[in-house]
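S.K.: Here the structure of chain A is known, so what remains is to put chain B with the ligands in place on it, guided by the hints.
One-letter residues, chain by chain:
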Amino acid sequence: MRTSDGLSTTWVVIPVYNEAPAIEGVLEDVTALFGHVVCVDDASTDGSAAIISSVPGVRLVRHPINLGQGAALQTGIEYALQDPAMTGVVTFDADGQHHASDAARLARRLGLPGPDGRPLQAVLGTRWAEGREAKRPGGAGPARRLLLRAAVVYTRATVGLRVTDTHNGLRALSREVAASLHLKQNGMAHASEILQRIKAGRFCWAEEPVTIDYTEYSKSKGQSPLNAINILTELWLGRR
Amino acid sequence: MNWIIKVLLVIAVVLITGALARGGGARRLALRRLGLAVFALVVVASILYPNAWTRVARLVGVGRGADLLLYMLIVAVLALVATRFARDRRVQQQLTALARRVALAEAVPPTAPPASGEVPVPPGRPASGAERPGTGGGATS
Ligand SMILES: Nc1nc2c(ncn2[C@@H]2O[C@H](COP(=O)(O)OP(=O)(O)OP(=O)(O)O)[C@@H](O)[C@H]2O)c(=O)[nH]1
Ligand SMILES: [Mg+2]
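Going down the list, the sequences are from chains A and B.
Numbers 742 to 981, taken from our numbering, label the letters of the first sequence in order.
Numbers 30 to 170, taken from our numbering, label the letters of the second sequence in order.
Misleading hints may appear alongside valid ones.
Here are the computed distance ranges between Cβ atoms for each label pair [as the list claims (entries may be wrong)]:
id : chain 1 : residue 1 : chain 2 : residue 2 : range
1  : B       : Arg57     : A       : Asn971    : 23 to 29 Å
2  : A       : Ala920    : B       : Leu88     : 35 to 41 Å
3  : B       : Phe114    : A       : Ala884    : 26 to 32 Å
The hints are simulated quantities; they were obtained by calculation from the structure and are not laboratory data.
Virtual Cβ for every residue (Gly too), placed ideally from N, Cα, C.
With the rest of the complex left out, here is chain A:
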């Protein structure tokens, strides 16, 4: 629960929707490295909230109704912004796919010099660095890999950020970036929205290789590849 080095002013924001089997283990890993953790329970119906509130040192914010992952992230970020000492947030999935050690590495890079020499304001997790995801056992299946690749090509073209992984829930954002976010996409399309924000705000960003585990559990819960159609539609309808 004690904080180590530069992480003591970082808040980890974890959107949670029906993750009872996984959440306790995830929180154990995260609280081992981070002192500030907030879970946004999105009206789970499986007792996730009770589990979260039994973990010492973890803050719980509960949506009265289910709003979606993007909405939960926005709520968690606004919660963290209430702490005047907060210097950055890390977004982290509740399904056990992310590693707390990766999150710590991302958070520690905030403020260090980025590619253009300015201090980094956004460090984005990528699973594609050095062919890391290619055929890695426990990695994404072929259909999902293809889909994620397509999403990268599409997002690069529309957002104009040369990222290699556009739908990675693990990222570290400085306070300025966090404060400038006003996610309108309640669903999964928020991932592109965050990138659009980074681009529009001319924030200094970099990518950092991370490992995403596709356990049986996370696969059983994860997104259907068909959901890509919904995300695209939401993105199109979302722009005015």
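M.R.: Just chain B with the ligands now, kept in the frame of chain A:
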């Protein structure tokens, strides 16, 4: 002459899709009321002169008045779907803002010490009714 109805229908579809993307308050309401008035006039007119539809249909290149009515019905349904969609989005955003405020108001603020023993917060009630932590009011966007 068939192209006339095609052009008219295409224009209608484009306008409706355009309306989808645009937000608007009083202006939109005024336009809708105007549309309603025109609609009422047309209905009354077609009751008084039932043959008028066929004549108008001929004019725009459609064979029968009934066909013209069908086309217009399709366009009207499309318009309805589009406006519902835009409205749903607005309502969804208002609902999100409201739910977020409720969620943040009920949570123990980040700067307050964690509730001792971390008592599970029952849904629907604030964590602590009596004490009112002064920090954490600044979560506005
Ligand atoms: N608050 C909230 N969180 C959600 C919702 N749906 C999913 N999540 C959370 O978002 C995180 C990622 O969800 P996944 O469905 O695994 O999405 P993903 O990791 O992008 O997709 P996969 O590659 O299929 O795993 C997890 O922490 C979920 O608990 C939701 O409706 N509301
Ligand atoms: Mg997942």
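S.K.: Determine for every hint whether it applies to the structure shown.
M.R.: Results of checking the hints against the structure:
1. B:Arg57 <-> A:Asn971: 23 to 29 Å: With Cβ atoms ~27 Å apart, the hint holds.
2. A:Ala920 <-> B:Leu88: 35 to 41 Å: Given about 60 Å between the Cβ atoms, the range is violated.
3. B:Phe114 <-> A:Ala884: 26 to 32 Å: holds (30 Å)
Comparing the model with each numbered hint stated earlier shows that hint 2 is the single one that does not hold.
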